[in-house]
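Asks: For reference, the chains in residue letters:
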Amino acid sequence: MKSKLKVHFYSLAGCEGCAAQLVNALVKRPELLKHIDFKQFRLIGAREESESCDIAIIDGSITNDEDEKKIMEIRRKAKTLIALGTCAVLGGVQSAVNELNISEALSKVYKKVPKAVKINKVKPLSEAVHVDYEIPGCPAEVEELEKLLVELISGAKFRLSAKSVCFECKLRETACLLDKGEMCLGPIIRSGCNAKCPALGAPCRGCRGLFEDSEVEELICTALEKGIKEDVIKDKLSIFMVKVARKYGEVFEK
Amino acid sequence: MAKCLRSEEILRIEGHGEMLVKIRGGNVESVEFRVLEPSRLFEAFMVGKSAVEAPYISSRICGLCGYSHAMCAAKAVENALNLEVPDEVSLLREAIMMLNTIDSHLIHVFALSLPDFIKVKTFIEAAAKLPRQYKEAFEIKKTICDTLTRICGSSVHPVNIVPGGFTSKIDKKTLVEVSSELEEEASKAEQLIEEVIALLISGEKLDRKSNYGALADDSYPFYTGESVVIAGEKIPASKFKEKVKEVEVDYSTSKKALFQGENYMVGALARLNNHYSKLSEAARKIADQLGLKLPSTNPYLIPAAQLIEAVHCLEKASEIMRSLPTISPAEKLSEKSGVGMAIVEAPRGLLYHEYRIENGKIAEADIITPTVQNIPDIEASVKQIAEKFSKCDPSTIKEKCEVVVRCYDPCLSCSTHVIKLSE
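Protein chains in written order, with the numbering used here: chain H, 1 to 254; chain W, 1 to 423.
If you're looking for bench data, these hints aren't it; they were derived computationally from the structure. Think of the CB as a built atom: it goes at the ideal place given N, C-alpha and C, for glycine as much as any other residue. Just so you know, not all the hints are guaranteed correct.
Covered stretches of chain W (chain H as the covering partner; in silico rule of three or more C-beta atoms under 8 Å from a C-beta of chain H) [stated by the list, open to error]:
#, segment
1, 43-53
2, 58-71
3, 113-122
4, 139-145
5, 152-162
6, 166-179
7, 240-253
Ranges between beta-carbon positions, derived for each pair [claimed, not checked]:
#, chain 1, residue 1, chain 2, residue 2, range
8, W, Pro295, H, Lys157, 54 to 60 Å
9, W, Thr297, H, Glu212, 56 to 62 Å
10, W, Ser334, H, Val251, 56 to 62 Å
Incomplete in silico selection of chain H near chain W, CB under 7 Å [as the list claims (entries may be wrong)]:
#, residue
11, Ala96
12, Lys115
13, Val117
14, Lys196
15, Gly201
Using the sequences and the hints given, assemble the complete structure.
Replies: Right, dumping it as structure tokens:
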């Protein structure tokens, strides 16, 4: 029998909902544990000394120099590195901090900033190291995690969907929210979530990020034509994609 | 010379944390529970965003109790904007909170805490030692997660909770189906839970009286209720911050909260101590049969209290869902202004959200999480345990202290995202 894959799991700044989803995937498919050996994973209590690993999985984003060094160290030890969830792939909701003056933001949160607080800039992992696989989603989807684990075990390449959330809405026959005048980011966001938000009447807020053929400008123009207000469009873009919101700011000037 | 015991990063808890215990000549001089979870500054970056997204964004504070943040934010925004919410919406939220509580409790007990009580190191070893019990527990967990996903899109972060209600229509048919599934699960769960609680109450004992805080209502509430009870005193949500004060410490990215200068405990055991008489019949039967004396001053009983709550919640959530009519989608939120606060019971205890809203946008946010309230109580319990074992070798003391920390089920992602509204 093939030896088990040595896996290390680490959490940076995030909610650990993706770690919980990994646990959920294992609860659903316990047989996967026959092929995977978690050497490091705080949430389940694993902390074995090991110099290297086959796979490092990281959830959360980088928020300070210490974590950046930590991720470089992890990269050095891992044959394959996986960014799990929107925080690791895109920076997550907290990347909105990058639009603020950090010391002003800190003074809103703490009267006197404790020494233990070290935030300076929020970054996705790919800004610091080479990432082999990115699994977006807030949280990451259990089904996608299962698929990823199975493919890693079998040595196959894992690929994300290269279509938009709209594509999945059409498959599910979900009524278009944009047509109803609601700001939905479905047309520019990568599918793979089974378009679960629009199916429940909630707009796509973009947690999975842009895909290869996203046409952001076109979506903004369509939304404006449908009478959706500028600040509503910006509000939705700024939940997960402040950088995109900034980049396309000038579309509104036209 | 003082002996300084510093734990490594504590395993099997949510978030990054460690402990520093100073012992001199057999006396424990100080205990510091250091939260090292990176700051994410939610309350700063939420400012300027639409109030309608307060539940969706604040849910991202925590991956284990995201539902509590979403619900508390929705309730607080509704209070700020004087939005009337239909009773059936509040009741469905109550039932959903119960389901999230069960999910969180099952993760805590089976993955994080139970390994200590059966003397193994990891969740995987524990599952290998008690395969049937873990299999059954996971089946319950899976039903709960599937139900949450069916109603709210995801078992981690709900997608359809907004101020005013839900974005989607939720059919009576769905609710009745879900209710039946939960009922079936409840009948299976009772025996398993009774068996596992027996393992959880056979552990270490600690008698440390504290103050116990819980949401106050006629029922055993998780969502409904506009006031809390702490140490027997009833406090409306609007006065919560007059009684509960937060302090900052240099060694931690989290604050600590005190009730009129004193420690207090929130969470499953604190709720049980306050609402024991309102438990469901099956849950009370289990507590009685095991000879559990309530109120209890033993923090080692927190995981047992969580499982008693799980039985109660399965039964009650099923009952509530069966009684509800079809839920209509919420009206669009108007761009009004106001200040409002709300308190709910997160799985780990009282959670407070407050918002100032200007023309439909968040102008200020303030969140006080359960773990922030529990930290002083955790430190006090660790101190007592360290004193009891101060003559032992350092690794034993560390291990004993870590076990009691884990019983409290601290959530460090939550605890780090707290601010104080200007005073």
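Asks: So, for every hint listed, does it hold in this structure?
Replies: Tested hints:
1. Requiring three or more residues with a Cβ within less than 8 Å of a Cβ of chain H, the coverage given for the segment 43-53 of chain W holds, as 7 such residues are present.
2. For the segment 58-71 of chain W, the stated coverage by chain H is satisfied: 6 residues place a CB nearer than 8 Å to a CB of that chain, which reaches the threshold of 3.
3. Using a Cβ-Cβ cut-off of 8 Å, 3 residues of the segment 113-122 of chain W lie near chain H, which meets the minimum of three, so the contact claim holds.
4. For a cut-off of 8 Å, the count of residues in the segment 139-145 of chain W with a CB near a CB of chain H stands at 3, and the three-residue condition holds.
5. Counting residues of the segment 152-162 of chain W whose beta carbon lies closer than 8 Å to any beta carbon of chain H gives 9, which reaches the threshold of three, so the coverage claim holds.
6. Counting residues of the segment 166-179 of chain W whose CB falls under 8 Å from any CB of chain H gives 4; the rule of at least 3 is met.
7. Chain H is given as covering the segment 240-253 of chain W, and this holds because 6 residues of the stretch bring a CB closer than 8 Å to a CB of that chain, at least three being needed.
8. Distance hint check: the CB atoms of Pro295(W) and Lys157(H) are about 57 Å apart, consistent with the given range 54 to 60 Å.
9. Checked against the hint of 56 to 62 Å, the pair Thr297(W) and Glu212(H) passes, with Cβ atoms roughly 60 Å apart.
10. Checking the proposed 56 to 62 Å range against Ser334(W) and Val251(H) shows it is violated: the Cβ atoms sit about 27 Å from each other.
11. Nearest Cβ of chain W to the Cβ of Ala96(H): about 4 Å, under the 7 Å cut. The hint holds.
12. Taken as an interface hint, Lys115(H) checks out: its beta carbon lies about 5 Å from the nearest beta carbon of chain W, inside 7 Å.
13. Against a cut-off of 7 Å between C-beta atoms, the interface hint on Val117(H) holds, since the closest Cβ of chain W lies about 5 Å away.
14. The interface hint given for Lys196(H) is met, as the beta carbon of that residue sits about 5 Å from the closest beta carbon of chain W, less than 7 Å.
15. Here the hint on Gly201(H) is kept, as its CB sits about 4 Å from the closest CB of chain W, short of 7 Å.
This entry does not satisfy hint 10, going by the numbered hints stated previously; all others are met.
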